[in-house]
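Chemist: So the mapping is simple: the working numbering equals the position in the sequence shown, first residue as 1, plus 70.
Honestly, the hints are just simulated from the structure, not real lab data.
For clarity, every value in this text was computed on a predicted model and none was experimentally measured.
The beta carbon of each residue, even a glycine, is placed where N, CA and C say it ideally should be.
Accuracy of the hints is not assured; some may be wrong.
[Said to hold, decoys possible] The calculated lysine-lysine pairs, modelled on DSS-like cross-linking and capped at a C-alpha distance of 27 Å, are:
#, residue 1, residue 2
1, K73, K204
2, K76, K227
3, K107, K227
4, K197, K302
5, K349, K289
6, K284, K349
7, K212, K197
8, K76, K107
9, K227, K140
10, K302, K349
11, K227, K73
12, K140, K76
13, K80, K107
[Said to hold, decoys possible] Label pairs and their computed distance ranges (CB to CB):
#, residue 1, residue 2, range
14, P377, R301, 17 to 25 Å
15, M188, V281, 26 to 34 Å
16, V281, S189, 45 to 53 Å
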Amino acid sequence: MIKHIKQLNKILGGMQGISTFDVWQPFLRDAAELHIKPAIGPELYTHLDALITQADYGLDVINTATAAEKELLEFIRPALANYADLYSSQRLGMANSDAGKADPSGQHSTSSPKWKVMSSLELVRDKADDYLEKSLQLLVDKADQFTVYTSSPFFTKFSGMLIHSANRLTEYLPACNGSHTFYQALRHQLIIQQGRCVDILGQEFYNEILVQNKRLLGKQTVTTEYQLVIRKLCKLIASRAMVSALPYLNISEDFRTKTRIGGLEDKSILTDLRRSELKLLESQSAESAMVSLVQYLNTTATASILPLYFSSPNYTAPVSGSTNYISKLDNSDTTSKYAHI
71 MIKHIKQLNK ILGGMQGIST FDVWQPFLRD AAELHIKPAI GPELYTHLDA
121 LITQADYGLD VINTATAAEK ELLEFIRPAL ANYADLYSSQ RLGMANSDAG
171 KADPSGQHST SSPKWKVMSS LELVRDKADD YLEKSLQLLV DKADQFTVYT
221 SSPFFTKFSG MLIHSANRLT EYLPACNGSH TFYQALRHQL IIQQGRCVDI
271 LGQEFYNEIL VQNKRLLGKQ TVTTEYQLVI RKLCKLIASR AMVSALPYLN
321 ISEDFRTKTR IGGLEDKSIL TDLRRSELKL LESQSAESAM VSLVQYLNTT
371 ATASILPLYF SSPNYTAPVS GSTNYISKLD NSDTTSKYAH I
């Protein structure tokens, strides 16, 4: 999506001295393979790349590009350029040869102090992340205008997800705050935890839930019972995914995902203590959601309401005077950090 050094210079701004496209190509490739393609899929990336010529920036988008594609390119290309800038920052400041690495020094230049380099790297990283976030939001808002994207294997791979977007995740995990980059960081765990729900629902009823969820997305009529089951499932999936992913997420205190930079100290990164607290809270939330789901299914399902669950081996008829398992979440031992079921 960037095919000439003039395009790169105008997107990044502030470029000084001599720069050649051959030198920047490896970093642009890094940015595309490690950030852009994993976010939008290789099919859409290839399609957008074909819309760019080697003309000067501003005149380099072919005439057949749609208004939506041009708008997306205004976000994707700065993301690509800034990720490339991020990867180039250290390499371009060194002389690399068979003899090793060296720091060149010229008569009229000096190395920037560490604080300035770190501040610059953080700014570039945040700018790249923000532009990618805007790109992903546009794909959600105008999905119907990007058929290459919605018909791609990358998109359909995730089309069966109950929590199918950042906005849906925010309903059940408010800390997500609509962040698409955070959602993507959690997406594979969301898939894994959704698959685990087959053991609770039974395969046939699970398949029916996916059908009903697609009806909801298509704004078709879905019974109140199915809607409530889907909401309870989504809460269970979101909490379980958060518990599983939390130890490995590189996120800040406000749940902003952070691109790792060697040597960059990010003082706002989530502390180990806070991670432990959040893991405990979400573990309790997941247990509560599971109990609530199972109790609802067993007390609601009949031959005519949620019939596939009612006829499955997973159904357990409620017994009069049985224990209210949700109450067991309220431990009498106030010193205990865990809920027992």
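Chemist: Is K349 within 27 Å of K289, Cα to Cα?
Modeler: violated, 35 Å
Chemist: Is the distance from the Cβ of V281 to the Cβ of S189 consistent with 45 to 53 Å?
Modeler: At roughly 52 Å between Cβ atoms, S189 and V281 fall inside 45 to 53 Å, so the hint holds.
Chemist: Taking 27 Å as the top limit, are the C-alpha atoms of K212 and K197 close enough?
Modeler: holds, 23 Å
Chemist: Decide if the proposed pair is consistent with the structure: K227 and K140, CA atoms, cutoff 27 Å inclusive.
Modeler: holds, 26 Å
Chemist: Check the following: the C-beta atoms of M188 and V281 are separated by a distance inside 26 to 34 Å.
Modeler: violated, 51 Å
Chemist: For K76 and K227, compute the direct alpha-carbon distance and say whether it is at most 27 Å.
Modeler: With a Cα-Cα distance of about 37 Å, the restraint between K76 and K227 is violated, given a limit of 27 Å.
Chemist: Measure nothing beyond the straight line between the CA atoms of K73 and K204; if it is 27 Å or shorter, mark the hint as holding.
Modeler: holds, 22 Å
Chemist: Does the alpha-carbon distance linking K197 and K302 stay inside the 27 Å limit?
Modeler: With Cα atoms ~36 Å apart, K197 and K302 exceed 27 Å; violated.
Chemist: Are K107 and K227 close enough, with their CA atoms no more than 27 Å apart?
Modeler: holds, 15 Å
Chemist: For the pair supplied as a hint, K227 and K73, confirm whether the alpha-carbon distance does not exceed 27 Å.
Modeler: It is violated: about 30 Å lies between the C-alpha atoms, which goes past 27 Å.
Chemist: Decide if the proposed pair is consistent with the structure: K284 and K349, CA atoms, cutoff 27 Å inclusive.
Modeler: violated, 31 Å
Chemist: What's the verdict on K140 and K76, does the C-alpha distance respect the 27 Å limit or exceed it?
Modeler: Between K140 and K76 the Cα gap is close to 19 Å, so the pair holds against 27 Å.
This entry does not satisfy hints 2, 4, 5, 6, 11 and 15, going by the numbered hints stated previously.
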